[in-house]
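Participant: Build out the structure end to end from the sequences listed, making use of the hints.
There are 2 protein chains.
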Amino acid sequence: MRSALHVTYHVRSDASAIEARAKAIAVEQSVEMPVEAIDDARIRDAIVGKVASITEIASGHFTVRVALAIETVGSDAGQLLNMLFGNTSLQDDVILHDIELPHDMAAAFGGPQHGLQALRKRVGAARRALTCSALKPQGLSPDRLADLARRFAEGGIDYIKDDHGLADQSYAPFAARVAAIAKALRETDASTCYIPSLSGDLDNMRTQIAAATDAGLGAVMLAPMIAGVAALQRLRRDYPQLIIMAHPAMAGAARIAPPLLIGKLFRLFGADAVVFPNHGGRFGYSPETCRALAHAALNDWHGLRAAIPVPAGGMTPARVPEMLAFYGADTMLLIGGALLSAREKLTAETAAFVAAVKDYDYD
Amino acid sequence: MRSALHVTYHVRSDASAIEARAKAIAVEQSVEMPVEAIDDARIRDAIVGKVASITEIASGHFTVRVALAIETVGSDAGQLLNMLFGNTSLQDDVILHDIELPHDMAAAFGGPQHGLQALRKRVGAARRALTCSALKPQGLSPDRLADLARRFAEGGIDYIKDDHGLADQSYAPFAARVAAIAKALRETDASTCYIPSLSGDLDNMRTQIAAATDAGLGAVMLAPMIAGVAALQRLRRDYPQLIIMAHPAMAGAARIAPPLLIGKLFRLFGADAVVFPNHGGRFGYSPETCRALAHAALNDWHGLRAAIPVPAGGMTPARVPEMLAFYGADTMLLIGGALLSAREKLTAETAAFVAAVKDYDYD
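Same order as they appear, the protein sequences are chains A and B. For the first sequence, our numbering assigns the number 1 to the initial residue and increments by one for each residue that follows. For the second sequence, our numbering assigns the number 1 to the initial residue and increments by one for each residue that follows.
Since the hints were derived computationally from the structure, they do not count as laboratory data. Watch out, some of these pointers could steer you wrong.
For identical chains, the list gives no copy identity; a pair is met inside one copy or between any two copies.
Stated by the list, open to error - Calculated lysine-lysine pairs in the DSSO-like style (CA-CA distance at most 30 Å, straight line):
#: 1; residue 1: 358; residue 2: 183
#: 2; residue 1: 50; residue 2: 345
#: 3; residue 1: 23; residue 2: 345
#: 4; residue 1: 121; residue 2: 358
Facilitator: In structure tokens form, the structure reads like this:
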């Protein structure tokens, strides 16, 4: 195959069946029909997926590397996901493990418009890790959320994101919420940057972006596996000035390796910051998975800008030194509930979190 | 909780831990923060998810029923999915099993604009099962695809869908492909209806719909888990005249019960026809799962129109009687590769498939 995308699957199979199973995956993810019924030699040669290698990694577990024709993908993020795992996602003996892209395809998607360095610059943090918290719970009014934002900012936090559950509900409509929070932040001395959460379809998200831009904001969050990866790709292209944070909701990561989906693909499609569940929190990712995910987001990869890894999900200020030892300075620490639990001491707790990150010895 | 959405999860857990685990899921899918840090009594009462019941279904396996506030969902399909399984999809001890919607929410989403009866009427099939095939492989030119379509139509098939891998690739761009196929079908006497596959973001899909409409077509297919469920919802609303078929690509159904995702939710958001992998084909769904899925698509449910179940994935004409015995007349049988394997006998094989469906004794 002249120009190919290489895809690695992890497959559970008997050793005697793995060759046929690997070939079936290559066919499912390309022509999806019996190959012997294809009378066009060009299609058999250039379009049908080819098994490049099969490696046993443990008894009954194999790595299958498949070459897919880049012609079948074109330039659409949704179609890339479709060709990587569309039908095979319905077969529970397979995990989508990794991809290797041709350089031209990576350049065409383009990755983050801003990336890690721009997120550092925006809050004047040259070398240290960045800090982040979340506005919640759902059900608060715009004024109450704005008050929380103000207190986080007074504690010196770098970024504040909406809880990913905040959409456009009647108790805190997007436009009213964003205006109130942006105003509260302008009234502080802080350089804190607020990242509201987009929801709905592409038109809804455009209206929300207009409201955010009107309020002077320069960053937004969305969940690519709910919004559709093509929506992420479109917003990246149409709003090049916007910083985009990706949330992992619905990433159902048990079937797609998190380092690939969140670290590589979300970055490829344009996320500047990628939120993921850190090990030892409320979610089941292992330290190895988290390390690989952060690596995938930061790695030199086809010249794309680095996306900043944002470990989250039940983190506490007490874990800051351990997390920084693990992730280093190229990370944004996101602590939500544990700061909010401080209630009337929220500003002081935030300040302590911020100080722990600033004072950490990064050498 | 005054007005609630009830969600059922299947959870793996020790009996001693299930109460805490169930409560943690209810919190994760609502406020996503420590409840004791919420000082607003209204939020604790009306917004925090509540565990309604816990039932042991097998040793170490529980059904957990959670009540979520409908206020947190609003009217967006993406946000509904987010509140049902957003963060919990990242925890591998939980499967999203089922939902019970308040009637008003079901009516607001509205379900299929056309549904099963309209798909019957369009092809003049009052009582029997419907037939469908697929245009593939990828890599064929518009003319070659149009020739296949003509031969399927001459065999008397009701519906022809694009392979879900056909997007807007250079070898068969959407507009050129759709025009060629529609023209080929107009030149036959058949009432065959062609369903092209949409891809890309909402704007791309609108452009594709314009091309399909220009070509005189009245039906389209999309994969809601790639396009985003909000895109399905939007197309349903903005193009009420269009029949919409939902494809299960990326449905990663191992973590969301297929009867819920494909049978109920795709129907709720507006799919008129739902494609799913039949048992005994290339995919791992059991007969029980398939039966439950078809039931969920057809069932009387809040007065929504029925979506027609479309079992597929490696089916053969030889299986027609068995499939009709299993699904009855309210189904569309989709056979692709097995007909295409007939090559120069494609029309005759299609005619035999069509005859088997028409001649089956439905009483």
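Participant: Does the structure break any of the earlier hints, and which numbers would those be?
Facilitator: none
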